[in-house]
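Residue numbers (our numbering), protein chains in the order written: chain G, 52 to 285; chain V, 15 to 259; chain P, 436 to 672.
Please keep in mind that the hints were generated in silico from the structure rather than gathered at the bench. Mixed in with the good hints, there may be bad ones.
[To be verified] Which chain P residues stay away from chain V? Per the calculated CB distances, all over 10 Å, these: (1) 493; (2) 534; (3) 642.
[To be verified] Listed next, the in silico DSS-like pairs over lysine-lysine satisfying Cα-Cα at most 25 Å (straight line): (4) G/155 to G/87; (5) G/214 to P/499; (6) V/24 to V/71; (7) P/639 to P/499; (8) P/525 to G/214; (9) P/525 to V/71.
Think of the CB as a built atom: it goes at the ideal place given N, C-alpha and C, for glycine as much as any other residue.
Here's the letter readout for the chains.
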Amino acid sequence: MAKRSSHAATALLLAIVGVLMLGANFMVFVYAPDEKVMGAVQRIFYFHVPAAIVAFTSTFVMLGASIGYLWTRSRIWDCLARAATELALLFCLLVLITGPIWAKPAWGVWWTWEARLTTTLLLGLLLAACVMVRSYADSAEQGARLASVLGIVAALDVPIIYKAVDWWRGQHPVVFGPGKKDPLAPEMRATFLFCLLVFLLLYTLLLVLRTRIACHEERARDAAETVAARGEAG
Amino acid sequence: MNARPIIEAKGLTKRYGALVALDGVDLEVQPGESLAIFGPNGAGKTTMTRILASSLKASAGTLRIAGRDPRVHDRETRAMIGLISHQTFLYDDLTARENLLFFARLYAAHDAEARADTLLRSLGLIDRAEDLVRTFSRGMQQRLSLARSLIHEPQIVFLDEPFTGLDPHAATVLQCTLERLRGERRTLLVTTHDLGRGLDLSDRWVILSKGRLAAQGLSREADRATFESSYFAHLAASRRVGATA
Amino acid sequence: MSRPARPVSPGFLRSSWIVASKDLRLEGRTLDAISAMAVFSLIVLTVFNFAFDLTTVRSVGVSKLVPGVLWTTFAFAAIIAFARSFQTEKFRDSLSALVLSPVDRGALFAGKALANFVLVLVLQAALLPLSAIFFDYDLLAVAAPLLFVVVLHTLGIAELGTFFAAVAVRVGRGEALLATLLFPVSSPLVISAVKCTSAVLEGKPLASVQQWLLVAAGFDVLYFLVALVTFEYVVED
Numbered sequence: 052m053a054k055r056s057s058h059a060a061t062a063l064l065l066a067i068v069g070v071l072m073l074g075a076n077f078m079v080f081v082y083a084p085d086e087k088v089m090g091a092v093q094r095i096f097y098f099h100v101p102a103a104i105v106a107f108t109s110t111f112v113m114l115g116a117s118i119g120y121l122w123t124r125s126r127i128w129d130c131l132a133r134a135a136t137e138l139a140l141l142f143c144l145l146v147l148i149t150g151p152i153w154a155k156p157a158w159g160v161w162w163t164w165e166a167r168l169t170t171t172l173l174l175g176l177l178l179a180a181c182v183m184v185r186s187y188a189d190s191a192e193q194g195a196r197l198a199s200v201l202g203i204v205a206a207l208d209v210p211i212i213y214k215a216v217d218w219w220r221g222q223h224p225v226v227f228g229p230g231k232k233d234p235l236a237p238e239m240r241a242t243f244l245f246c247l248l249v250f251l252l253l254y255t256l257l258l259v260l261r262t263r264i265a266c267h268e269e270r271a272r273d274a275a276e277t278v279a280a281r282g283e284a285g
Numbered sequence: 015m016n017a018r019p020i021i022e023a024k025g026l027t028k029r030y031g032a033l034v035a036l037d038g039v040d041l042e043v044q045p046g047e048s049l050a051i052f053g054p055n056g057a058g059k060t061t062m063t064r065i066l067a068s069s070l071k072a073s074a075g076t077l078r079i080a081g082r083d084p085r086v087h088d089r090e091t092r093a094m095i096g097l098i099s100h101q102t103f104l105y106d107d108l109t110a111r112e113n114l115l116f117f118a119r120l121y122a123a124h125d126a127e128a129r130a131d132t133l134l135r136s137l138g139l140i141d142r143a144e145d146l147v148r149t150f151s152r153g154m155q156q157r158l159s160l161a162r163s164l165i166h167e168p169q170i171v172f173l174d175e176p177f178t179g180l181d182p183h184a185a186t187v188l189q190c191t192l193e194r195l196r197g198e199r200r201t202l203l204v205t206t207h208d209l210g211r212g213l214d215l216s217d218r219w220v221i222l223s224k225g226r227l228a229a230q231g232l233s234r235e236a237d238r239a240t241f242e243s244s245y246f247a248h249l250a251a252s253r254r255v256g257a258t259a
Numbered sequence: 436m437s438r439p440a441r442p443v444s445p446g447f448l449r450s451s452w453i454v455a456s457k458d459l460r461l462e463g464r465t466l467d468a469i470s471a472m473a474v475f476s477l478i479v480l481t482v483f484n485f486a487f488d489l490t491t492v493r494s495v496g497v498s499k500l501v502p503g504v505l506w507t508t509f510a511f512a513a514i515i516a517f518a519r520s521f522q523t524e525k526f527r528d529s530l531s532a533l534v535l536s537p538v539d540r541g542a543l544f545a546g547k548a549l550a551n552f553v554l555v556l557v558l559q560a561a562l563l564p565l566s567a568i569f570f571d572y573d574l575l576a577v578a579a580p581l582l583f584v585v586v587l588h589t590l591g592i593a594e595l596g597t598f599f600a601a602v603a604v605r606v607g608r609g610e611a612l613l614a615t616l617l618f619p620v621s622s623p624l625v626i627s628a629v630k631c632t633s634a635v636l637e638g639k640p641l642a643s644v645q646q647w648l649l650v651a652a653g654f655d656v657l658y659f660l661v662a663l664v665t666f667e668y669v670v671e672d
């Protein structure tokens, strides 16, 4: 009974997010005006920045879940941590793909080692390493434990990397800054905020789904082990 | 003579996911007692040894070592335990004496130098004390590993399959050494496949099968001639119980 | 029969020292890590010399090129030491014996990190004069501030390298993992190291890079504490 209602809730959420994403696309491509300097290509901003925000948010979810797992050793935290790590990596990749697409027309080069792109690349490498550890580990328990420790180490590093790289470089267009008059037209601001909301909802949905799948995977693996063990006994 | 057991385990369980390595084991060992643990591979002998030696945490159940919970008093518990396994835990590029002194310092042992010399002498290694461990034979390394585990005068010594890989001569030397340890009234827990040696070295024996205690008894009452067949009978019985459970 | 009360295990500092001195004695006897690091570094420095010959170096400027070359070399060579420090523990499973002992797990980490720190410093003591010869800059003029920068940043790299080497050795095919973990995580430290070394080679006072020095110092302290707290989860079963 509970399962059916949770499936229904998930389906409803999926539908809502789907509709909202369609709405967001409309706002990005139709509603928002062209940007003065960069023209149409600037619309990537509405995907690029929310993706970055989600990537960093997910990294902190990973931090919390890792601490939760080491504290309680209960599996649900590990499943959440795994989901958060993978989603952070996914959104990181989105940032790293949309960035160059924007950079080429805007700055003339596909890639520069400027602050935010470099930080995101480093974050992506950190997250990839966390994912690797899990797959290299001898047992699920060891993988969960080591991945949690690494998740904490990596997540704590993120603000440090951000600041260090920022001091080291600085070429990124700063859209929102203290004391700057707001360069965004009201329609653009509305579009951006709406896209951010949609991305966050999408992220939450994916997080819930992936955590659930991870728990099912664990249970399936347990069941397979039990069957195998019984097979040896017989 | 009802001294408190030095090891009290109740309902000891260890799960790795769905795999149950230990399933509700109850065990009591008196101070100065020598226990032999028999059982096939995968029965949970090493898992149980490591939980009792406090290097592994149980999933469920209670454990008291000398009346203390090892999870709370972890350092005091570890200070009174010595363990040897089929891995020697030694450093090949240190001498025998350097290895012993290193571990003695880690355990804050009294009179480390004197104790190291005594152990080397009693284990027949004093002539090789200044030689690098990489030059030792397997049997000598095993004896040095035993010395390593005794350097801090532990009250409980765990021996996890100590005879593995030893030729008959080395095994006999090790056995004599372990007899001497029994004479010193230390608590010994020996895991082994060698039923004869296990019975010779112990006061009591238990058989572990599929994570459960399948049988136990007193070693002096065991009939050497028939013990092997009754061992297999106990194992078969435990498998039947497991299949219907 | 009462036993005289004695400490169950040595204190934190003493335990760390016991572990560190054991590692240093082993290295002193075999010279495994030092020799491998030395050969590797020499090769890398030589390759860099082909990559940037003296004319290029002079036109770009020593202070712009040499810091990057140096720290890249140090980082890759140091990995050899970090990996080895736990491979010796894995060989006869001595790590299990260390974990079985009553010694604090943080002290195990601190001892091994200290030994690795010393080894990498020894390497740098040999490499720096060599790089001064290869790239033709005056080492003696900047020796004191350079020493400070090198020690400060090597400390953090040694901490992280030791920690990740422990993680990598616990896991099956861990060799690739050590580099994959170390470089991204230590990137702020490497950035700071290159910046500070560059300033020193330009003859600037250390105060000009004090924000970087603070970053490095903060990094060293933060990750020392994180490692102390989480090391038991890495080595336990």
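Hints versus structure:
1. 493: holds (46 Å)
2. 534: violated (6 Å)
3. 642: holds (44 Å)
4. G/155 to G/87: Answer holds: residue 155 of chain G to residue 87 of chain G is near 17 Å, not above 25 Å.
5. G/214 to P/499: holds (22 Å)
6. V/24 to V/71: holds (14 Å)
7. P/639 to P/499: holds (13 Å)
8. P/525 to G/214: Violated, at roughly 38 Å.
9. P/525 to V/71: holds (21 Å)
Hint violations for this structure: numbers 2 and 8, all remaining hints satisfied.
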